[in-house]
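> Using the sequences provided together with the hints, build the complete structure.
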Amino acid sequence: TQLLEQSPQFLSIQEGENLTVYCNSSSVFSSLQWYRQEPGEGPVLLVTVVTGGEVKKLKRLTFQFGDARKDSSLHITAAQPGDTGLYLCAGVSRAGGTSYGKLTFGQGTILTVHP
Amino acid sequence: KAGVTQTPRYLIKTRGQQVTLSCSPISGHRSVSWYQQTPGQGLQFLFEYFSETQRNKGNFPGRFSGRQFSNSRSEMNVSTLELGDSALYLCASRKAGQSREQYFGPGTRLTVT
Numbered sequence: 001t002q003l004l005e006q007s008p009q010f011l012s013i014q015e016g017e018n019l020t021v022y023c024n025s026s027s028v029f030s031s032l033q034w035y036r037q038e039p040g041e042g043p044v045l046l047v048t049v050v051t052g053g054e055v056k057k058l059k060r061l062t063f064q065f066g067d068a069r070k071d072s073s074l075h076i077t078a079a080q081p082g083d084t085g086l087y088l089c090a091g092v093s094r095a096g097g098t099s100y101g102k103l104t105f106g107q108g109t110i111l112t113v114h115p
Numbered sequence: 001k002a003g004v005t006q007t008p009r010y011l012i013k014t015r016g017q018q019v020t021l022s023c024s025p026i027s028g029h030r031s032v033s034w035y036q037q038t039p040g041q042g043l044q045f046l047f048e049y050f051s052e053t054q055r056n057k058g059n060f061p062g063r064f065s066g067r068q069f070s071n072s073r074s075e076m077n078v079s080t081l082e083l084g085d086s087a088l089y090l091c092a093s094r095k096a097g098q099s100r101e102q103y104f105g106p107g108t109r110l111t112v113t
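For the record, the sequence lines run as chains A and B.
Numbered by the working numbering, the letters in the first sequence go through residues 1 to 115 in order.
Numbered by the working numbering, the letters in the second sequence go through residues 1 to 113 in order.
Because the hints were derived from the structure by calculation, they are not lab data.
Don't be surprised by glycine CBs; every beta carbon is placed ideally from N, CA and C.
Check before you lean on any hint, since a few could be wrong.
With a straight-line Cα cutoff of 25 Å, these simulated SDA-like cross-link-like pairs (lysine to any residue) come out [unchecked claim]:
1) B:13 <-> B:50
2) A:57 <-> A:73
3) B:13 <-> A:70
4) A:57 <-> B:101
5) B:95 <-> B:17
6) A:59 <-> B:88
7) B:57 <-> B:16
8) B:95 <-> A:22
9) B:57 <-> A:57
10) B:95 <-> A:94
11) B:95 <-> A:48
12) B:95 <-> A:36
13) A:57 <-> B:99
14) A:70 <-> B:99
Computed far set for chain B versus chain A, every beta-carbon distance over 12 Å [what the hints assert, rightly or not]:
15) 11
16) 15
17) 17
18) 19
19) 39
20) 49
Among the chain A residues that face chain B by a calculated CB cut under 7 Å, a handful are [claimed, not checked]:
21) 22
22) 38
23) 42
24) 43
25) 45
26) 48
27) 94
28) 97
29) 101
30) 105
31) 107
32) 108
This is the structure we're talking about:
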């Protein structure tokens, strides 16, 4: 069974600070995704990283996929109260359309940004 | 384009009962996956359906089952409910093929008393 470990579990910071969330595994994943979930809603996809070493930027969010495709990180610059939520990493073990519907999720990081 | 819809949004059942949850995917999406979310275990994969066939299955007991209809709508059923089945049940739809993007519904909050 492939596992994804996310850290930290909780993060409470002030507006304007930077932060990084980590997602690690001992297994190789064909791709990793990051989601954000708000109370009462389902997770919303932020990004998909596929290639080892890949870096993607989404405004103030930077996502990186490790060279060995076993880990990923999410970095937020100058956090804002609107960034508050549960951040989840999720991996797909094998490449191919028949595997993309089965995601393995990390435990999540609850981020609170105080004004 | 309408998103993924799930009904009902909230449900309270008693131990031993059974429950059926419904999921309508985004129009044109043919794959539906189901997940269970609890504070202790996080999000765990239950199963995926594509073209009315179960394509992938997670590590859940046989009390958890599902099906998909020809219009891609999906239902999941939990029989002989246990207190530990209390959770948020999420479904996600995907275009299928080589598309990796899953779109989640708001979930059904099931409470077992």
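> None of the hints should be skipped; say for each whether it holds.
For each hint, the structure was consulted:
For the hint linking residue 13 of chain B to residue 50 of chain B, the alpha-carbon distance of about 29 Å lies beyond 25 Å, and the restraint is violated. For the hint linking residue 57 of chain A to residue 73 of chain A, the alpha-carbon distance of about 12 Å falls within 25 Å, and the restraint holds. At most 25 Å may separate the alpha-carbon atoms for a hinted pair to count; residue 13 of chain B and residue 70 of chain A exceed this at roughly 40 Å. At most 25 Å may separate the alpha-carbon atoms for a hinted pair to count; residue 57 of chain A and residue 101 of chain B meet this at roughly 17 Å.
Using a Cα cut-off of 25 Å, the hinted pair residue 95 of chain B and residue 17 of chain B is violated, with the two alpha carbons roughly 34 Å apart. With a CA separation close to 31 Å, the supplied pair residue 59 of chain A and residue 88 of chain B exceeds the 25 Å bound. Annotation: proposed proximity of residue 57 of chain B to residue 16 of chain B holds, straight-line Cα distance about 23 Å (limit 25 Å). For the proposed pair residue 95 of chain B and residue 22 of chain A, the alpha carbon gap of about 29 Å is over 25 Å, so the pair is violated.
Annotation: proposed proximity of residue 57 of chain B to residue 57 of chain A is violated, straight-line Cα distance about 33 Å (limit 25 Å). As the CA atoms of residue 95 of chain B and residue 94 of chain A are separated by approximately 18 Å, the hinted pair is consistent with the 25 Å bound. With a C-alpha separation of about 15 Å, the suggested pair residue 95 of chain B and residue 48 of chain A falls inside the 25 Å cut-off, and the hint holds. Restraint check for residue 95 of chain B and residue 36 of chain A: the C-alpha separation of about 20 Å stays at or below 25 Å, so the hint holds.
Straight-line distance between C-alpha atoms of residue 57 of chain A and residue 99 of chain B comes to about 20 Å, which keeps the hinted pair within the 25 Å bound. Proposed proximity of residue 70 of chain A and residue 99 of chain B is supported: the alpha carbons are some 21 Å apart, at most 25 Å. With a least beta-carbon separation of about 15 Å from chain A, residue 11 of chain B lies farther than 12 Å from that chain, consistent with its non-interface assignment. For residue 15 of chain B, the condition that its CB be more than 12 Å from all CB atoms of chain A holds, with the nearest at approximately 26 Å.
With a closest Cβ-Cβ approach of about 25 Å to chain A, residue 17 of chain B is found to remain outside the 12 Å limit, as its non-interface label requires. Against chain A, the non-interface label of residue 19 of chain B holds: every CB pair exceeds 12 Å, the least being about 19 Å. The beta carbon of residue 39 of chain B sits about 10 Å from the closest Cβ of chain A, which is not more than 12 Å, so the claim that it is off the interface is violated. Against the 12 Å criterion, residue 49 of chain B falls within the reach of chain A, whose nearest CB is about 8 Å from its own CB.
Taken as an interface hint, residue 22 of chain A does not check out: its beta carbon lies about 16 Å from the nearest beta carbon of chain B, beyond 7 Å. The restraint placing residue 38 of chain A at the interface with chain B is violated, with a minimum CB-CB distance near 10 Å, outside the 7 Å limit. For residue 42 of chain A, the suggested interface contact is upheld, since its CB lies about 3 Å from the closest CB of chain B, less than 7 Å. At a threshold of 7 Å, the smallest CB-CB gap from residue 43 of chain A to chain B is about 5 Å, leaving the interface hint in force.
Look at residue 45 of chain A: its Cβ gets to within about 6 Å of chain B, closer than 7 Å, so that hint holds up. The restraint placing residue 48 of chain A at the interface with chain B holds, with a minimum CB-CB distance near 5 Å, inside the 7 Å limit. Taken as an interface hint, residue 94 of chain A does not check out: its beta carbon lies about 11 Å from the nearest beta carbon of chain B, beyond 7 Å. A hinted interface residue such as residue 97 of chain A counts as satisfied when its beta carbon comes closer than 7 Å to some beta carbon of chain B; here the least separation is about 5 Å, so the hint holds.
With a least beta-carbon distance of about 4 Å to chain B, the hint placing residue 101 of chain A at the interface is held under the 7 Å criterion. For residue 105 of chain A, the interface hint holds, the least distance from its beta-carbon to any beta-carbon of chain B being 4 Å, beneath 7 Å. Below 7 Å, beta-carbon pairs count as interface contacts, and residue 107 of chain A has one with chain B at about 5 Å; its hint therefore holds. Hint on residue 108 of chain A holds. Least Cβ distance to chain B is approximately 6 Å, under the 7 Å limit.
Comparing the model with each numbered hint stated earlier shows that hints 1, 3, 5, 6, 8, 9, 19, 20, 21, 22 and 27 do not hold.
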